[in-house]
Amino acid sequence: METAFKTAFPLIVYSLGIVAAFGGVMMIVAYTVLAERKVLGWIQGRIGPNRVGPWGVLQPFADLLKFILKEDLTPDKSTKFVYFLAPIVALTAAFLPMVVYPFGPPLSDPLGWLVPYLPVIPLGTEPNIVAWIAEQAKNMPLTIARIDIGVLFVLAVTSVGVYGIALAGWSSNNKYSLMGGLRSSAQMISYELAMGASVLGVVMLAGTLDLNGIINAQANSPWYMRWFIIPQFIGFIVFLISAFAETNRVPFDLPEAETELVAGFHTEYSALKFALFFMAEYVNMFTVSVMCVVLFLGGWYVPGLSHIFEVGSIPYALASHAAFLLKIFFFLFLYIWIRGTLPRFRFDQLMAFGWKFLLPVAIGNVIVTTIVVFLMNR
Amino acid sequence: MAGTVLFFLFAGFAIACAVSMVYHRNPLYSAISLIGVFLALAALYLTLAAPFIAITQILVYAGAIMVLVVFVIMLLNLDEDKPLNRLKYLYAVGGGLGLALLAQTFFIFYAVLKTPKAEVDPNMTAGRTMSIGRAMYTEYLLPVEIVGVMLLMAIIGAVILVRKMEQPHLELVSEGEDEKE
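Order-wise, the sequence lines are chains A and B. When you number the first sequence by numbering that gives the first Met the number 0, it's gap-free, plus one each residue, and the end is 377. When you number the second sequence by numbering that gives the first Met the number 0, it's gap-free, plus one each residue, and the end is 180.
Since the hints were derived computationally from the structure, they do not count as laboratory data. Don't take every hint at face value.
If you want the ones that stay clear, here's a sample from chain A, every Cβ over 12 Å from chain B, calculated [as the list claims (entries may be wrong)]:
1. Leu72
2. Val119
3. Ala155
4. Ser170
5. Ala185
6. Val301
7. Val360
Here are some of the chain A residues that sit facing chain B, going by a computed Cβ distance under 10 Å [said to hold, decoys possible]:
8. Phe152
9. Met187
10. Ile188
Pulled from the structure, derived: some chain B residues nowhere near chain A, Cβ distances all over 12 Å [stated by the list, open to error]:
11. Ala1
12. Phe7
13. Ala10
14. Leu43
15. Pro50
16. Gln56
17. Leu58
18. Val66
19. Val111
20. Glu118
21. Met129
22. Pro142
23. Val148
Glycine included, C-beta positions come from ideal geometry on N, C-alpha and C.
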């Protein structure tokens with residue numbers, strides 16, 4: 000019993016962590032959709048959804064219910080297996096990066112203060128299993144998986160998401176879907192390069208690919224580059240632009256340009272399968288917002304917070320986590336704001352911009368950063 | 000224990016995907032199966048404590064090269080392969096090569112069983128990003144440079160191939176088509 004419990008304990012902890020992160024991200028994503036409709040409404044002089052619940056706050060749940068209850072149509076001439084596979088691939092690839100998000104600073108002893116109030120439960124040779132759990136929880140990181148290549152992991156997994164869109168476009172057997180799928184794949188491959196190159200500058204400054212390591216590197220930097228947005232401003236701009244292109248958002252939403260392509264790659268998708276694509280898009284928005292915050296805005300780190308709360312204590316972690324979320328919300332708002340402001344690119348403009356402007360700028364930034372880092376470390 | 004379970008899970012997945020890649024007549028299904036093989040291999044690298052190689056596998060093969068393959072298949076809209084009678088002799092060649100590979104595999108098994116078991120060093124960092132980078136830019140600098148030059152050659156070759164399209168007579172044809180529209 001004792002060994003079984005001790006073997007299963009990490010598994011239980013990871014499962015709980017994944018469930019908590021998944022639930023949190025899903026709630027944020029659901030309310031991003033509502034926020035988008037509200038904010039777009041205000042920008043266009045409308046009110047936005049306000050019928051379901053007070054001020055429309057229950058709208059996401061109504062939407063979900065609608066998606067579940069609607070009739071699920073499958074085109075007769077579609078390639079069935081691929082048609083079903085595509086939305087699954089899109090959503091899986093969108094959710095996977097969640098395991099490396101640094102949600103907050105590590106907690107030095109989160110459960111120690113609780114132990115005296117809890118009953119003593121002996122288990123096997125262990126006098127008090129509650130104390131044992133509290134002992135295990137020491138130095139708990141607020142990250143599900145600590146892998147030392149977090150940045151690459153996020154880039155790699157999101158790049159697999161292209162298949163969801165490309166396969167959806169192909170398997171629907173519809174010319175608009177195919178055009179949308181092709182456009183999307185071309186766009187995502189093109190902007191992935193600029194995105195990867197813009198991240199390199201930050202990675203060189205931090206000297207690590209670990210997301211928590213990058214945040215710590217920013218916290219330990221001299222004051223004039225406390226956030227990497229200052230030394231890497233060009234990298235930040237390139238990253239932000241390619242992030243918009245990667246997530247197929249305005250002004251780069253050509254894959255679903257409704258004036259030319261009906262709805263692009265998901266024209267033939269209905270009900271829950273469409274909802275999966277829709278969710279994948281918003282989860283991807285969340286992912287690139289997290290990456291923006293972690294790489295350029297110091298992640299959960301708030302300058303001066305360690306003078307107010309003790310580092311590693313629960314209030315410190317909560318305040319840092321709140322700051323992390325606030326920064327993410329800013330980027331999510333930026334997405335909506337730009338959607339309400341800018342018109343759409345033309346496809347050749349989009350390609351020329353990505354290859355002839357963004358990529359050279361990103362590579363130039365990498366070269367300059369390399370030289371500066373080399374001179375600084377000499 | 001958990002490592003063994005994961006190994007057989009992903010190894011089985013890789014083999015199943017590989018078999019389905021060879022047997023499918025539809026080229027797109029074959030491409031999807033190949034992506035499955037790459038992902039399973041990446042998972043195996045992860046269980047071998049080589050996260051950098053695993054992620055590179057996904058980033059380069061599954062994320063970039065296979066996208067191009069899928070792209071080509073989608074653009075050309077290839078039909079299902081018909082078995083060609085005149086290529087029957089390839090079965091014999093393939094069978095022979097398969098037997099040779101099988102023999103090699105058994106030889107590797109035999110050699111591994113023969114070698115004395117080495118102690119696992121818990122501080123080994125061979126799969127870490129830092130150690131890979133250090134090895135690449137010190138011990139293996141020459142191969143890295145050679146690969147870099149070869150890739151540059153490939154890029155230049157691709158640019159030259161594209162440039163050919165801009166010869167005058169081809170330009171005239173494309174302009175004529177534009178006017179028709």
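Taking the hints in turn, this is what the structure says about them:
| no. | hint | verdict |
| --- | --- | --- |
| 1 | Leu72 | holds (22 Å) |
| 2 | Val119 | holds (31 Å) |
| 3 | Ala155 | violated (4 Å) |
| 4 | Ser170 | violated (9 Å) |
| 5 | Ala185 | violated (8 Å) |
| 6 | Val301 | holds (28 Å) |
| 7 | Val360 | holds (19 Å) |
| 8 | Phe152 | holds (6 Å) |
| 9 | Met187 | holds (8 Å) |
| 10 | Ile188 | holds (6 Å) |
| 11 | Ala1 | violated (9 Å) |
| 12 | Phe7 | holds (19 Å) |
| 13 | Ala10 | holds (21 Å) |
| 14 | Leu43 | holds (16 Å) |
| 15 | Pro50 | violated (5 Å) |
| 16 | Gln56 | violated (9 Å) |
| 17 | Leu58 | violated (4 Å) |
| 18 | Val66 | violated (6 Å) |
| 19 | Val111 | holds (28 Å) |
| 20 | Glu118 | holds (24 Å) |
| 21 | Met129 | violated (8 Å) |
| 22 | Pro142 | holds (21 Å) |
| 23 | Val148 | holds (18 Å) |
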